[in-house]
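Enquirer: Assemble the complex: chain A is given as a structure, and chain B must be docked to it using the hints.
Taken in order, these protein sequences are the chains called A and B.
Quick note on numbering: the numbering used here labels position 200 of the first sequence as 200, and the sequence is numbered without any gaps.
Quick note on numbering: the numbering used here labels position 192 of the second sequence as 775, and the sequence is numbered without any gaps.
Think of the hints as simulated: they come from the structure by calculation, not from any bench.
Don't take each hint at face value.
[What the hints assert, rightly or not] DSBU-like, lysine-lysine: derived pairs with alpha carbons at most 30 Å apart: (1) Lys761(B) - Lys413(A); (2) Lys317(A) - Lys299(A); (3) Lys703(B) - Lys663(B); (4) Lys34(A) - Lys71(A); (5) Lys284(A) - Lys256(A); (6) Lys703(B) - Lys299(A); (7) Lys703(B) - Lys761(B); (8) Lys117(A) - Lys138(A); (9) Lys299(A) - Lys663(B); (10) Lys703(B) - Lys413(A); (11) Lys957(B) - Lys881(B); (12) Lys663(B) - Lys761(B); (13) Lys299(A) - Lys413(A); (14) Lys761(B) - Lys710(B); (15) Lys663(B) - Lys317(A); (16) Lys117(A) - Lys200(A); (17) Lys761(B) - Lys730(B); (18) Lys761(B) - Lys317(A).
[As the list claims (entries may be wrong)] One side of the interface only, derived from the structure: several residues of chain A facing chain B at Cβ under 7 Å: (19) His324; (20) Leu327; (21) Arg363; (22) Leu531.
Note that the Cβ used here is the ideal one computed from N, Cα and C, for glycine as well.
The residues making up each chain are set out below.
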Amino acid sequence: MFVDAVARADGKLVVLGWSSSAIVNIDLLQGTTKLPAKLSRHARGDVAEALKLTSGDTLGFCVLADIPVSKAALEVSVGLPNAKPYQSGALGEVTGLTNLQRTLIPELLESKIADLKAHEVGSVEWREALAKLPEAQKAPAGFHGFVEGIFVSPEGNGVVFGWALHPEGAPVWLEDELLNIYPIEVSFRRERRDIAEAFKSILWSDMEAAFITHLPTSSKNPTIKLRAATSSGVVTLSERSGAEMLPSDPRGVAEKLFAIETEDRNFQRRANIIDWPILQPVIKRYREELATIVPRVAKFGAPPETPAVSVIIPLYKRFDFMEHQMLEFCRDPFLRSNAEVIYVIDDPEIRTAVLNEADHLFRLYGLPFKVISGLRNRGFSGANNLGADHANGAHLLFMNSDVIPISPGWLEKMLEAVEDDNVGAVGAQLLFPDGGIQHIRMDFEYLDYFNIWSNNHPGSGMPPLAATAPPFEVPAVTGACILIPRPVFDQIEAWDTGYLLGDFEDSHICFAIRAAGYRVMCQPASTLTHLERQSFTGIGGDAFRMRMTICNAVRHYNIWKEFLEPHSDPDVADTDLQQDTDA
Amino acid sequence: MNSAKHRILVTSHGHPDFHLGGGELAAYNLFKAYADHPDVEETFFLARHDRGRGPTGNIFPRRKNEYMWEQGVSEWLRMKMATPIGTTRHFAELIRELRPTIVHVHHYVHMGLEYLHVIKQIDPSIKIIMTLHEYIAICFNQGQMVKRGTNRLCFRESPDDCSRCFPEHSIEDFWLRKHRYQSFFGLVDQFVTPSEFLRQRYIDWGIAPDQIVMIENGQASGEMLPPRPLAEGETRNRFAFFGQINPFKGVSLLLQGLASLKKSERRKIVLEIHGANLEHQTPDFRDMIMELRGPLEKEGCLQWIGPYEPFQMAGRMAAVDWVVIPSIWWENSPMVIQEAFTLGRPLVGSDIGGMAEKITDGVDGVHVPVGNAKAWGDTLLRLSSCTEDWDRLRAGITKPISYADCARAHLELV
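For reference, chain B alone in the conformation it holds in the complex:
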């Protein structure tokens, strides 16, 4: 162990004050947890921010040790910074000023890859840890590794595969894209992924296995919630979806699954949608969701509750039995899984990727064949008919690691 204490800068693509995404929260929580570690002298947080006036490149304080960076990306294919002086001058000044010994990079989207180089140029002894939250370096389709347009699952990248999804970009463009990512990733000392599945995908892509470890995102400490009290004759029939509503998250499968059941069957089920950002989706997608939603809400088996703040999560989970995660993309380590486990709620999830990894079928949750609406309907119906399964699966939950555990695991790497 170094005698000198660590000075850690955590960078994120957004500040949770403004963006409550999983990656932003994970970064921020880790920034807080690092500060409490005895080997750490000081911690800093830098989040990309958009004040609506374009990427000026400026950096400004948010509160003590927290900074905002008005940077952007000018070319998404190659993840190029929008404002060079924002990186070569303002970010460089920040590094010189803060003198971090570790920069923990939680993202490069909206900032460009170049800042990694600036860190090493100023002081090659600064260690760069990078947490990979999705497949963005591998896949230009928003890092989802599903085929553009059809949303079919994708198993590998190659210039030929990728330019079939994006014919407007040539094979050479995709070679250049990967080359650029790998050049910058070459500056990273240690990669971290919150799931083994994602780790393996990045190893297939070219990161050396000994350079990339799996560390699960930390969770708030605390006790499990008690089971939802059941009225006489009531079953474990309340399911809830938490998260973004977009084409990859599979909410439509839940709605179609319910619609495929008989009315009498539906009466036994209550599904709550705690979803955000539907308003930012394409009109076609919004119309499709609204069409499915209307009749089910009228019948009463669907409750459309809407977005939530982190502090509301426990209260909302207390009122349901199961948490569902029907994503049609691989996912990484969805925050909602760890939150549900922390609060003592078994999960029902798609049988692929990070969901299949984090939810053990028959132990702490149930797998559903990915993309299969009928199977979702049948599974909800089956699980809502009894209480024993639920009791057993709840007992099977392993408590996720805490923020402090997570910070400790990271510091053991350096």
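Just chain A, same shape as in the assembly:
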């Protein structure tokens, strides 16, 4: 047997050594007094190798005792069963222990880990406590992890994702090259079945191992370490250098982010802490860039100089509906003399073709209109706002390109419904091509599976309301056809452009109008056909769209909680669907 070191460390007296037999008993003596001490054993592969033993697993020993009051010399007594104890004689103390020696004494580190846990991760105190822990070369059993990827946003933040397996509550964090600390607790976590399967012998293998962590600041080329404080010391579970730079447009960013796997039903939890912190500044900067682009305006003929209404229609992908709308517009005398028609090209790909078509349509039908080209895609809200910027009407009628009037008079009826000063928006009755209701009002429902509040169109597929039915108040109307007086539109500061690509802007604007003290109405006397299915043929795959909707629902909820909860708004009577089968 051999004593390597006697030292005082962290308020304890420590004796480290090895013995060629693991069954020896070791006591700590001061004179004839046996000090209360705890013996533990640890591996000493080096000893086993030198002595040509098969295993060194328990050859090392550690005796741990409180610091004795007496200054008398210390010695160890080693006893084998049925043998007279051997006494070492006075041992010389050394000053302090090496880090390697410290990692051999778990008890010694436990209090330090407790100290670390007592402080806020990343705080000065926490860092001081961390400094007292030795760096371990190897993680103890049960600690595993891997940094799978890092995305860095041009806006200066980023995300790290991967997985970490560790006992619940263990101090685990991410650390960048500037020593910024991100505790694993702020991450989005979810189960990883593959990890659980690979480490099934570990008690906590079923934990939510996957993590996605938002980095509020990040260099362009970060090094991220996944670290843990363990009873063996501080260990780096995984390290990754370099990151993938996210694109600069919201769609591109969303496509990258959404590809980090997360079940749809967990996506809502993630959106607030991961996706929005990345998306929001990207959307903001993109919007600022758009504001610097000077749109092109093409005028076809001369519309009324002071129109009662500006009809604003964004075009995205398909534009063959223009002619169908034009056929209806030009046979509506009220519209011809009281409205200006503004098309907004929201898709650079179709700009040339639309201008060509516009030329044909004007030659053929002679109805004056303007075509605004934003030169970049702005989404539903942005395109509508661009149209509004170029509108001279006392009212703004926002209309989807796939909404086709059925007969003249619809616009006049919508204006009648907004005559009352306390009405801030009017929607129309929209029908599917088969004649069933597509929209007469919008309300909201909580989807348990996704944990989001979603927009709902009650009455869908039912027979239409009679054209003679009076206008009625509703919680919200669709943006596919909505009339807003210009002053109200200016008061609520236009369509909100903070959503990702599109979704929820219509209920958002209705809530904003209601929050400003106005009512929202549906005018069933204005009945148009909505070829809704056609609108969305241009947007990416299903998974992308689902995640986008969840993200937007989360934002919508954060802003309009009070309108969504409680579900039934006492101010708005639940209008019965008065069916008119003769209609």
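Expert: Just chain B now, kept in the frame of chain A:
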């Protein structure tokens, strides 16, 4: 009656100089007949034409007051013009130049619906009369109102029904198609159909009943042909088919019907096919017809005579007793029915649509269950066995209206 005289432009999807279809002939004959009416100052004819160089949009003269228009259709589902300036410039110039008070539209196929709008844009007081020749506005299956592929009869359109025939087009596409047709048809002052059956189908589709009248196509004036002289012991056993040979016209039913009879029975019958355009049909259809035709021709009960010019019609009908019209689609008012009646030949026709309407079973002809080859065989056999039926049915024929009658009836509408 207006004191000012009418100036009438008749438009057609083809010129009979090049296309001898029923619609083209009806349009052209009416153009001629209008000119002879005392209330008419001048008449013009505009026919779509293809010079084989694509739809340039140009208009050029054919002869005095007759024009040809190199227009086309770029999208058949919605019947969109191929060359916008052909309509917004060249056609508009023609309207300004000719100053018609009436434009009688006999078709929009190959030209696009848009020219209707140009007429009203130039002068809203110009009256538009439109004659509907088949169910094209209602049915995308070549306006036949039979199901695509199976040729089953179709009774109604709806976006759902139609997109089952054409799954490559969505329900929304069919809604848009109908919407577009109805928008343009909204510019028409008066619709005319040559059959009550077709009129009713368009009323079901959405045209107001008081906006659409039935006026039969006019026919050349003239006397009935004498009965075909019979040799001793001969019967009224000569049948003739006149017209296009395509899957909707039912020629194969006649051939299958004959084939289903015994050889001894067939010997009593002679069927003549005066048919055109078989060469333009699909190879499958051509093969099917050729396979049926061969053995019957060899036996002698079938004579495959081929296409004819209008002037040959009387001569060819003189040599037969009956005219057959076995179509499996509804038809409208097939020209051959009026021609046969004009020339004094009873008809044997399918018992649906325009055929059932124009041929009165037991009065001026005989009905056969549509699509039933065996019934065609049996009916030809029955009718060929005697002469009395023929005499009675010939006596039952009412003389069709003349070109002048037809023009007069139209002018009473305006």
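Enquirer: Hey, Lys299(A) versus Lys413(A), does the alpha-carbon distance stay inside 30 Å?
Expert: holds (27 Å)
Enquirer: Double-check His324(A) for me: the hint is only fine if its C-beta lies closer than 7 Å to a C-beta in chain B.
Expert: holds (6 Å)
Enquirer: Going straight from one Cα to the other, do Lys284(A) and Lys256(A) come out at no more than 30 Å?
Expert: holds (18 Å)
Enquirer: Hey, Lys663(B) versus Lys317(A), does the alpha-carbon distance stay inside 30 Å?
Expert: Satisfied, since the Cα-Cα distance of roughly 20 Å is no more than 30 Å.
Enquirer: Do the alpha carbons of Lys703(B) and Lys299(A) lie within 30 Å of each other, as the hint requires?
Expert: holds (24 Å)
Enquirer: Taken at face value, is the distance from the CA of Lys663(B) to the CA of Lys703(B) at most 30 Å?
Expert: holds (18 Å)
Enquirer: Going straight from one Cα to the other, do Lys957(B) and Lys881(B) come out at no more than 30 Å?
Expert: holds (21 Å)
Enquirer: Within a Cα-Cα threshold of 30 Å, do Lys317(A) and Lys299(A) meet the stated pairing?
Expert: Holds - the C-alpha atoms of Lys299(A) and Lys317(A) are around 21 Å apart, at most 30 Å.
Enquirer: Given the hint that Lys761(B) pairs with Lys317(A), does the C-alpha gap stay at or below 30 Å?
Expert: holds (23 Å)
Enquirer: Holds or violated: Lys761(B) with Lys413(A), Cα cutoff 30 Å?
Expert: With a Cα-Cα distance of about 25 Å, the restraint between Lys761(B) and Lys413(A) holds, given a limit of 30 Å.
Enquirer: Would you settle whether the hint for Arg363(A) is holds or violated, based on the nearest Cβ-Cβ distance to chain B being less than 7 Å?
Expert: holds (4 Å)
Enquirer: Next pair to validate is Lys117(A) with Lys138(A); report whether the Cα-Cα distance is within 30 Å.
Expert: With a Cα-Cα distance of about 21 Å, the restraint between Lys117(A) and Lys138(A) holds, given a limit of 30 Å.
Comparing the model with each numbered hint stated earlier shows that all of them hold.
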